[in-house]
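**Q** Sequence:
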Amino acid sequence: MVLISVFSFFAEFTFWLEFESRFNFIAVDYLIYTYEVLHNINESYPLPLLIAGVVLISLLWNYLMRTAFRISFRSATPVLHRVVYTLLIFLVALFYGLKVDNSWAESSSNRYVSEISKAGIYSFIAAFRSNELNYDQFYPMVSGKIAFQNTRKVLSYPLATFLPGEVSIRRIVSNGNGQNKPNVIMVVMESFSADYMGTFGNAQGLTPTLDALAKQSILFKRMYATGTRTVRGMEALSLALPPTPGNSIVRRENNANLTTIGNIFFKRGYSTSFFYGGDGYFDNMNQFFGNNGYEITDRGRKLTMGDTYKVKRTILKDDQVSFENAWGISDGDLFSAVIRNADRSFQTKKPFYDFVMTTSNHRPFTYPKGKIDILSGTGRAGAVKYTDYAIGEFLANARKKPWFDNTVFIFIADHCAESAGKNEIDISRYHIPAMIYNLKGKAPSPISMLCSQIDLYPTLFGLLKWDFQGNNYGLDVLSASYRPRILLGTYQKLGYLRNDTLVVLSPRKAPQSYSYNFNTNIQTLVKTPKTITLDAISLYQSAYHLFKNGGLKQ
Numbered sequence: 000m001v002l003i004s005v006f007s008f009f010a011e012f013t014f015w016l017e018f019e020s021r022f023n024f025i026a027v028d029y030l031i032y033t034y035e036v037l038h039n040i041n042e043s044y045p046l047p048l049l050i051a052g053v054v055l056i057s058l059l060w061n062y063l064m065r066t067a068f069r070i071s072f073r074s075a076t077p078v079l080h081r082v083v084y085t086l087l088i089f090l091v092a093l094f095y096g097l098k099v100d101n102s103w104a105e106s107s108s109n110r111y112v113s114e115i116s117k118a119g120i121y122s123f124i125a126a127f128r129s130n131e132l133n134y135d136q137f138y139p140m141v142s143g144k145i146a147f148q149n150t151r152k153v154l155s156y157p158l159a160t161f162l163p164g165e166v167s168i169r170r171i172v173s174n175g176n177g178q179n180k181p182n183v184i185m186v187v188m189e190s191f192s193a194d195y196m197g198t199f200g201n202a203q204g205l206t207p208t209l210d211a212l213a214k215q216s217i218l219f220k221r222m223y224a225t226g227t228r229t230v231r232g233m234e235a236l237s238l239a240l241p242p243t244p245g246n247s248i249v250r251r252e253n254n255a256n257l258t259t260i261g262n263i264f265f266k267r268g269y270s271t272s273f274f275y276g277g278d279g280y281f282d283n284m285n286q287f288f289g290n291n292g293y294e295i296t297d298r299g300r301k302l303t304m305g306d307t308y309k310v311k312r313t314i315l316k317d318d319q320v321s322f323e324n325a326w327g328i329s330d331g332d333l334f335s336a337v338i339r340n341a342d343r344s345f346q347t348k349k350p351f352y353d354f355v356m357t358t359s360n361h362r363p364f365t366y367p368k369g370k371i372d373i374l375s376g377t378g379r380a381g382a383v384k385y386t387d388y389a390i391g392e393f394l395a396n397a398r399k400k401p402w403f404d405n406t407v408f409i410f411i412a413d414h415c416a417e418s419a420g421k422n423e424i425d426i427s428r429y430h431i432p433a434m435i436y437n438l439k440g441k442a443p444s445p446i447s448m449l450c451s452q453i454d455l456y457p458t459l460f461g462l463l464k465w466d467f468q469g470n471n472y473g474l475d476v477l478s479a480s481y482r483p484r485i486l487l488g489t490y491q492k493l494g495y496l497r498n499d500t501l502v503v504l505s506p507r508k509a510p511q512s513y514s515y516n517f518n519t520n521i522q523t524l525v526k527t528p529k530t531i532t533l534d535a536i537s538l539y540q541s542a543y544h545l546f547k548n549g550g551l552k553q
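In numbering that gives the first Met the number 0, the protein residues as written are 0 to 553.
Take the hints with a grain of salt, since some may be wrong.
Simulated restraints on C-beta separations [to be verified]:
id : residue 1 : residue 2 : range
1  : K552      : T313      : 24 to 30 Å
2  : L93       : E252      : 25 to 31 Å
3  : D317      : P157      : 51 to 57 Å
4  : L93       : Y156      : 51 to 57 Å
5  : A380      : Q136      : 39 to 45 Å
6  : I124      : N396      : 45 to 51 Å
7  : I70       : L374      : 52 to 58 Å
8  : T313      : A380      : 30 to 36 Å
9  : F94       : S321      : 55 to 61 Å
10 : F9        : G200      : 33 to 39 Å
11 : Y44       : K152      : 47 to 53 Å
12 : N41       : A380      : 19 to 25 Å
13 : I338      : I145      : 47 to 53 Å
14 : I521      : A202      : 20 to 26 Å
Below 30 Å or equal to it, Euclidean Cα-Cα: the simulated DSSO-like pairs (lysine-lysine) are [claimed, not checked]:
id : residue 1 : residue 2
15 : K529      : K508
16 : K439      : K266
17 : K547      : K311
18 : K399      : K316
19 : K370      : K214
Derived from the structure by calculation, the hints contain no laboratory data.
Here a beta-carbon is modelled for each residue, glycine too, at the ideal position from N, C-alpha and C.
Please put together the full structure from these sequences, using the hints given.
**A** Here it is as structure tokens:
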């Protein structure tokens, strides 16, 4: 028990350095994936020294307390007394477990203060117990009819026609019946904050490839991620949904046969594939993508416990990998696999859509030697620069291929590297890069409107003039009727920002509203406007309802 207490005490420091939080649902999730996590920790920290230090401190404490322990274990206290004491301790623990909510500590307007006032182990157990939140139980509600009526109003624009149904947002978008079918490869860059790029003001010179591409692409200058984890980014980019509370839909049950973005491509005759540099068993990725029609390519350690997908899975072989760490293979090796698959697809004369998830820009920040001028494993800057380098090599190789001219490349981040800040939802830490490159017939141009990760594909389909049917929440940013807004959240907090007004929905609390200054990143508490609050509640309530009741199925 002393060892566990000492270990958890020091573990909280390293967890705080990574997430600026007490133990939360991430700590719970990561216990499930011991291979990646233990190896990642071992490669990131001097584990033998840390474990030795914990053991020595525990032994020293036991030695200093040996007299007290001896008295305790040799006590002659009558059994009845011991039963009474045990029962009292049990009842106190039961009372805390059932009645004392961990959120009681969140009384400060400063997120850091609230987190510091919590207890680590208590926070861990609380997160374990509430890993999925029921919106209907914990969040502000309006009637279902009003929620869907208002959601339709927010999502309406001249080209969209909603299909009948009071509890549905399914609509047909008529963009012009375009028949062009370019291949589409979307590269989702792990933890890639916008402020890593020179395009957004970084002076370190870490991203020469992406900075050059930004000038040759349709660049989203003010796009924001919906969440702070990879699975949340995958949810936004595959389903175009707001971040419902609790786990991402990627990790939930009953997430098969949804109307994904891949489904829209599939109906147009595309093959759809998911590429991941690590093991897709992690975070339920293979199960989600496999049960939604994507063929799978991953490094794979043949973990298939509970997996039920029937699509083809290709496991990258040892001779196809030049470098890997605990988290996965290098981005360069992953891109080689993408090119090999594109070559095969080109031979079949069938257009392809690829969802590619990179891993190199993740702790322990290691990558092949000799590729860039920053030593591997020395920090985030090197991993960012290597990711940029690998993208440059990928495009250089792709340009030699016969399928390149008819291929659109999308480069976008899943989330930012750091998400925590003084504010519970720190908007500046959701700003991600996003660009559409090599789209024929469209001149490179910046898009300056505020927009969300979920708007990427509705905008692309508008550029391609594709008609499509779906029940996603994304909007065409280039539509004349587009109204700037973003949806973003943490595990529990749900944010809706329209213009400079941010509404935050929290469990068992009234909505709060802030005036947000983009230049200073300061949020000022203001009176909650009814119309924007109604929009926020409607969007999140309807999205949760649709998923839980099968309304997102094909």
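**Q** Taking the earlier hints as the rules, which of them does this structure contradict?
**A** none
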